[in-house]
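There are 2 protein chains.
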Amino acid sequence: MRVGFIGLGTMGAPMARRLLEAGHDVVVHNRTREREEPLAALGAGRAASPRECAAGREVVFTMVSDTPDLEQVVLGETGAVHGLERGAVLVDMSTVSPAATRRIADELRGRGVAMLDAPVSGGSEGAQKGTLSIMVGGPAEALERVRPLLEVLGRTITHVGDSGAGQVAKAVNQVIIAGTYASVAEGMALAMKAGVDVDALLRALAGGAAQSWVLENRARNMLTGEYPLGFRTRLHRKDLGIALAEARERGVSMPVAAYVEQLEAGLVGRGYGDEDVSNVARVVRELAGIDP
Amino acid sequence: MRVGFIGLGTMGAPMARRLLEAGHDVVVHNRTREREEPLAALGAGRAASPRECAAGREVVFTMVSDTPDLEQVVLGETGAVHGLERGAVLVDMSTVSPAATRRIADELRGRGVAMLDAPVSGGSEGAQKGTLSIMVGGPAEALERVRPLLEVLGRTITHVGDSGAGQVAKAVNQVIIAGTYASVAEGMALAMKAGVDVDALLRALAGGAAQSWVLENRARNMLTGEYPLGFRTRLHRKDLGIALAEARERGVSMPVAAYVEQLEAGLVGRGYGDEDVSNVARVVRELAGIDP
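In the order they appear, the protein sequences are chains R and X.
Taking the working numbering, the leading residue of the first sequence gets 381, the next gets one more, and so forth.
Taking the working numbering, the leading residue of the second sequence gets 381, the next gets one more, and so forth.
FYI, nobody ran anything at the bench for these hints, they're computed from the structure.
Even for Gly, the Cβ is constructed at its ideal location relative to N, Cα and C.
Please note: incorrect hints may appear among the correct ones.
Said to hold, decoys possible - To spell it out: a stretch of chain X is covered by chain R in this simulated footprint if at least three of its residues, at any positions, have a beta carbon under 8 Å from a beta carbon of chain R; those stretches are:
1) 442-450
2) 531-545
3) 564-572
4) 581-592
5) 630-636
Unchecked claim - Here's a subset of chain X near chain R, in silico, CB distances under 7 Å, partners left out:
6) 422
7) 461
8) 462
9) 513
10) 515
11) 549
12) 552
13) 553
14) 559
15) 560
16) 603
17) 653
What the hints assert, rightly or not - To list a few chain R residues with every Cβ distance to chain X over 10 Å, as calculated:
18) 400
19) 451
20) 463
21) 504
22) 531
23) 614
24) 649
Isolated chain R (complex conformation) (with noise of 0.2 Å):
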């Protein structure tokens, strides 16, 4: 298939490269250009806007950082909706904002452009390998046309509901996910105050009720006090930031993810942004008076 694709950090990157590597005609566009390069060497084509990126294209990508740089790469001046042409999608792989995210698809569907949201989680071996979960919102016809795409792109990709469901679902995640960190965290620096054999414990965790990805994977991190990443406490907080602000406009009270989004806020602010989201537990320790 034509596809552009917008955003080539270290997730678009590997992702572009993908679909290049599938066989397809792949036009790549970065803010900073010379990330275009490797995948140039790899035969894709330049464009030196997203505009220019999205004409001609049957299908366009988008992997950024945040909601406004989504809104400038689509609505912007040299935006792709002035390249999209009638009957193209826009897949917007990004994790933004569920709320910019439907009026950006209003936007499109008025043009005659299908928009899907369609965020994911596995980061960025998950992006190298192929592997990464996707969860998808808007039109299901549109999510059909581009789904041999995303299954270079992922190993699960699932259908949630209209434009901005995949992003709530994104949201869901890392809710889920905060609470989680926090009540590890927390459980850990319990046991080592009170001079548990910790091995023993995760040992004796395992496979009851209280078992978890993150108490699998990350809970040793909590005990060492040394953060590798894993997903950046950072980009985590943006997503907290992204779920409480649709809460907010749901009416949904989260206080257990807006307590993790402070622990994180504090964090980037002190320095640690680039470090795992299992670093929520420096804070917990911190608090206990364990030595970092």
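We have chain R already, so just place chain X on it with the hints.
Quick look at chain X alone, frame taken from chain R:
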């Protein structure tokens, strides 16, 4: 072995029965004496008091509701301490205060009796099937002596440290569960109010970083607003109270656990204490204006 078993509630009765059926010589005692009858019918001896139940026994089990009950049946006027012989082992399988456990263990040690704290997870089904997870604190050599009995009761038996460490491990289990329940409830409330396809959402979340036993086994209760047992809210609240008291004594702050304990305390006061602990979602749904 010559075994005494004190406390024949929902958990204790099937545990005593399993020991009996495994061929041990079991004498039982329960405050409400009628509860002894079904076990007597299977061949158990009956004792009129904890003291009598402990007399001449190599190992005495206790399985009672809370810390004051344990203090009563062990140290009270007709308590087990007055019957226990030097060299015997007391195995407390209740979920009670780690600090009280350490005090009772000290008292018994002075009389030549070893105490193990061995709280369990796995519920009444685990007690019936002998598939409990048992977290053990106390002297390793005492554990080795009673291990054949514990293997009749549980599938995993983990020594986690000195006296009280088993209770701390159980407390950590309940702390981790608390935050996981609350954050899954927040996530589900957001998904419902935003109109996401929740079945698809649960499939999308299943394999990722939000995965947990709670998400897999209890998210559906939170979506339907029905909370069949499971594990009673009033017992989980009691356990969180124990965890928070231990945290206070150790100098550990656990705001997420404290918040969930308050949600549960309100639910217990409103008459929902015998529903499954997933009814934490009842409050989260109310906060979001979702009909019960």
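Consistency of the hints with the structure:
For the segment 442-450 of chain X, the proposed coverage by chain R is not satisfied: 0 residues have a C-beta within less than 8 Å of a C-beta in that chain, short of the threshold of three. Note: the segment 531-545 of chain X has 8 residues with beta-carbon separation from chain R under 8 Å; the three-residue rule is met and the coverage holds. With 7 residues bearing a CB less than 8 Å from a CB of chain R, the segment 564-572 of chain X meets the requirement of three and the coverage assertion stands. With 10 residues having a beta carbon nearer than 8 Å to a beta carbon of chain R, the segment 581-592 of chain X meets the requirement of three or more and the stated coverage holds.
A stretch counts as covered by a chain when three or more of its residues have a beta carbon under 8 Å from one of that chain; for the segment 630-636 of chain X and chain R the count is 7, and the coverage holds. A distance limit of 7 Å between C-beta atoms decides the matter here; for residue 422(X) the minimum to chain R is near 29 Å, and the interface restraint is violated. The restraint placing residue 461(X) at the interface with chain R is violated, with a minimum CB-CB distance near 25 Å, outside the 7 Å limit. The restraint placing residue 462(X) at the interface with chain R is violated, with a minimum CB-CB distance near 31 Å, outside the 7 Å limit.
Because the smallest distance between the Cβ of residue 513(X) and any Cβ of chain R comes to about 5 Å, under 7 Å, the interface hint for this residue holds. At a threshold of 7 Å, the smallest CB-CB gap from residue 515(X) to chain R is about 5 Å, leaving the interface hint in force. Contact between residue 549(X) and chain R, as hinted, is supported at the beta carbon level, the nearest pair being about 5 Å apart and thus within 7 Å. Annotation: interface hint on residue 552(X) holds; nearest CB of chain R at approximately 4 Å, less than 7 Å.
Interface restraint check for residue 553(X): the shortest CB-CB distance to chain R comes to about 5 Å, inside 7 Å, so the restraint holds. The criterion of a C-beta within 7 Å of any C-beta in chain R is met by residue 559(X), whose closest approach is roughly 2 Å, and the hint holds. At its closest, the beta carbon of residue 560(X) sits 5 Å from a beta carbon of chain R; the interface hint therefore holds under the 7 Å criterion. Taking 7 Å as the C-beta cut-off, the interface hint given for residue 603(X) is violated, the closest approach to chain R being about 12 Å.
Hint on residue 653(X) is violated. Least Cβ distance to chain R is approximately 18 Å, over the 7 Å limit. A cut-off of 10 Å between C-beta atoms confirms that residue 400(R) is not in contact with chain X; the least separation is 26 Å. With a least CB separation of 20 Å from chain X, residue 451(R) remains clear of the 10 Å interface cut-off, as annotated. With a least CB separation of 31 Å from chain X, residue 463(R) remains clear of the 10 Å interface cut-off, as annotated.
At the 10 Å boundary, the C-beta of residue 504(R) stays outside the reach of chain X, the nearest C-beta of that chain being 14 Å off. For residue 531(R), the non-interface assignment is confirmed: its Cβ lies about 15 Å from the closest Cβ of chain X, beyond the 10 Å cut-off. Consistency note on residue 614(R): stated as away from chain X, and its beta-carbon is indeed over 10 Å from all of that chain's, at 17 Å minimum. The claim that residue 649(R) is not at the interface with chain X holds, since no C-beta of that chain comes within 10 Å of its own (minimum 19 Å).
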